[in-house]
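Enquirer: Chains as they are written, first to last, in our numbering: chain Y, 1 to 547; chain Z, 1001 to 1292.
Misleading hints may appear alongside valid ones.
[Unchecked claim] Quick partial rundown of chain Y residues pointing at chain Z, CB under 7 angstroms, derived from the structure:
no.	residue
1	336
2	338
3	342
4	362
5	365
6	367
7	370
8	372
9	378
10	379
11	392
12	427
13	429
14	431
[What the hints assert, rightly or not] With a cut-off of at most 30 angstroms between alpha-carbon atoms, the simulated DSS-like pairs for lysine-lysine come out as follows:
no.	chain 1	residue 1	chain 2	residue 2
15	Y	446	Y	357
16	Y	228	Y	504
17	Y	446	Z	1180
18	Z	1180	Y	504
19	Y	206	Y	130
20	Y	59	Y	10
21	Y	203	Y	134
22	Y	267	Y	10
23	Y	446	Z	1025
24	Y	10	Y	277
25	Y	176	Y	127
26	Y	257	Y	538
27	Y	203	Y	130
28	Y	176	Y	202
29	Y	202	Y	256
30	Y	286	Y	303
31	Z	1180	Y	359
32	Z	1180	Y	357
33	Z	1180	Y	59
34	Y	286	Y	359
35	Y	203	Y	538
36	Y	202	Y	277
37	Z	1180	Y	286
38	Y	538	Y	206
39	Y	303	Z	1180
40	Y	424	Z	1180
The set of hints was computed from the structure by calculation and includes no laboratory data. Positions of the beta carbon are idealized from the N, C-alpha and C atoms, including for glycine.
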Amino acid sequence: MALLEVDGLKIYFHTRNGVVKAVDDVSFSVDAGETLAIVGESGSGKSVTCYSLLDLLPKPPAVIEAGTALFDGEDLFACDSVRMRQIRGNDIAVIFQDPMTSLNPFISIGEQLIEPLIYHPDKMRIKDRKTARKLAIELLDEVGIIEPEARFDCYPHEFSGGMRQRVMIAMALINKPRLLICDEPTTALDVTIQAQILELIKKLQKTRDVAVIFISHDLGVVAGIADKVMVMCDGTIREAGGTERIFYNSEDEYTKKLLAAIPEGAKLLPNRAEQDKPLVTVRNLKTYFEDYSKGSNGKQSIKAVDGVSLDLQRGEILGLVGESGSGKSTLGRSILQLAPTTSGSVTFDGTVLGDLKPKQLVPWRRRMQMIFQDPYASLNPRMTVYETLAEPLLYHGLADSNNIDQQVRQLMDDVGLAHSQMRKYPHEFSGGQRQRIAIGRAIATKPELIIADEPVSALDVTIQAQILDLILELVERHNLTMLFISHDLSVVRYISDRVMVMNKGLIVESGETEALWADPQQEYTQQLLKAIPLADPKRERLRIANG
Amino acid sequence: MAIKELQSEEQGTSLWQDAWIKLCKNYLALFGLAVLGLLCVVSLLTPWIAPYGYEEQNLILGATSPSVEHWLGTDIFGRDMLTRIMYGGRVSLTVGFIATAVALLIGVVWGAVAGFVGGRTDAVMMRIVDIMYALPFMIFIVLLMVVFGRNILLLFLAIGAVEWLTMARIVRSQVMALRKQEFVEAAHSLGLSQWTIIRRHIIPNTLGPVIVYTTLTIPSVMLLEAFLSFLGLGIQPPQSSWGLLINYGVETMEEYPWLLIFPGIALSLTLFALNFLGDGLRDALDPRTSKD
């Protein structure tokens, strides 16, 4: 008998606008020491399924309509709240997606870690502070925190994202659970850190023989870690089976679509770059910020961009790759004069932008635009699509009140939005549609340069593929030059003609995309490339084994 | 910016048109609006429809409880309460709305500019606010009176001068959070001028808290007027305002409770109506609340 057996689970959300079937007749089982990956896009019901096991769903509106979840023979849905509290953390633990928000910033790491030991609902298992501390330090050591003794009393903000996720894992493991639910535990992390965390989860699973449910939207991530894969869409199971069968012999259309949507391989379109006719020239650009953090005396500064030079040829798509904190976004903003530069120059079509006063910049702003990462934050929530798209057109005098309607319709056609959605507000759209609106706004002024800052990293994988193709198509049609910033190397490879790797404010390496992929010179680049998870179980296992 | 009339389903409309459509579906807010409208109309027409003159005394009658001749009773000088409440409403509503409007205008613009521009400008502007906060209100009023003498305009000025401070702070904190948002950065990269960004992208997104605070300000301004009148700055008897009537009513609460109850009801009614309308407006101006 399996450790966890979920049978015929139905969870409906009773909202004002009717009943939403979040999970509809889902059954699965997990054995001890086994990893089940639940893969699906946002809204597929993968998280709802797992949260229902621990009674973490908001009720109402959520109602478990039918089904059983037998955990070691005990039905989790029949537990009262006291029993549920014992199961949570004790037998089943959860690791959440965002390590930045899932730790309390006012309590030290160690204190949060030993909390479940000291305030345990089961009186028998309460430990005294000294034992708890010792246990916690051992565990911190096990999850790879260096000098756990000293780090015990540190606060969450003193840890990096990857370290926080390690702490979260330690927290989940402290009561020796038998089932670990990982809800996108690496989505918010850089690719090299992601590789480390995945490895850690795998190692811990082996040494502790726990069952793992690994929720992810990324098939590449689960390829190396899962024994079984379950693909969900719209609340139902589309396909379930052994990892290799799902990856190599998928029978379901949706699974095939998911697999096909993973950006892989080189850019298919030819390189349109015109040689030696740079649109943008950056020379020795430095952008420093004042450092207000603890221990700095206010005179030191954070060197976000520390002497970068680059040429962006007309018609080129230049990929800029780097991990968080590498200064890649700041570089993009500095080129557009959105972040104040400390020194160096940015030349756009022969004009040094830094010499211009804000008013003089306005005509140049029309010629260079930006696409932002988060389509939820980059649109004014109180402006309709029509207003958002009409604003740049009217402001720059590209349209007047007679032809504005027609121009907005044209833009909506360009980015693939239906005219009937013109007077809707951003919140009524999905993430992908919002990104289309944001792209529409960026191309409204007929710019020559577009800086795209992680334009697809907040999107589901199938949507991501659509948006990437849309970007490629628009670049082609409107003859755009693009700086494409991303942390996702596969995406950059798929879209760019040339790639630059950035680390700690400096360009580490640059070159033609395929040449760089085939033969990275710098160690940092090699590490980055090695850490990319492959959506291929055999190759992925080989990669991990060699890594 | 050209905003055309609603022509078809797919025509772009503005936030305000949508808000109006949504407000019309919110019956509680409409009720509030209707009550406020009624109060305003009555106040405007008071000189023609009031049953008595506001200074008509009947000392022999004295304070009487509600009767057929005097629906809401009379005060100790035998003056008709209904008449006095109606006249009082003229003063209170005018003060409430105008002084709040003044505070709203200065506070929102000041706070938005300070929060948006930031840096030294922000520091200077907010220190001015701090200084104004620190100034004892009484001394400020007395100073104004010494310099300008008694004047109803001065009343608006004095109330406006204190009420905009909190508004400015609320708006500033909102704006500081907003200006880091990507849609504001997107507006920058479109080349919009700072003022256009403040007007089109920042202020509409601060409306929620501003509206709520405004609906709370209006009644407090009405009571502040009573205090100023007591100091001699506002209006003088035999003229009346709701604040003054309530003040007198409190003094004689035990013998003549209706002198307190009826002006109290008038003020509460306004407050309720304002709150309903304010909540409705806040929801209507937030596109994220459901459209139906």
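Enquirer: Of all the hints given earlier, name the ones this structure violates by number, lowest first.
Expert: 3, 6, 13, 14, 16, 22, 23, 24, 33 and 36
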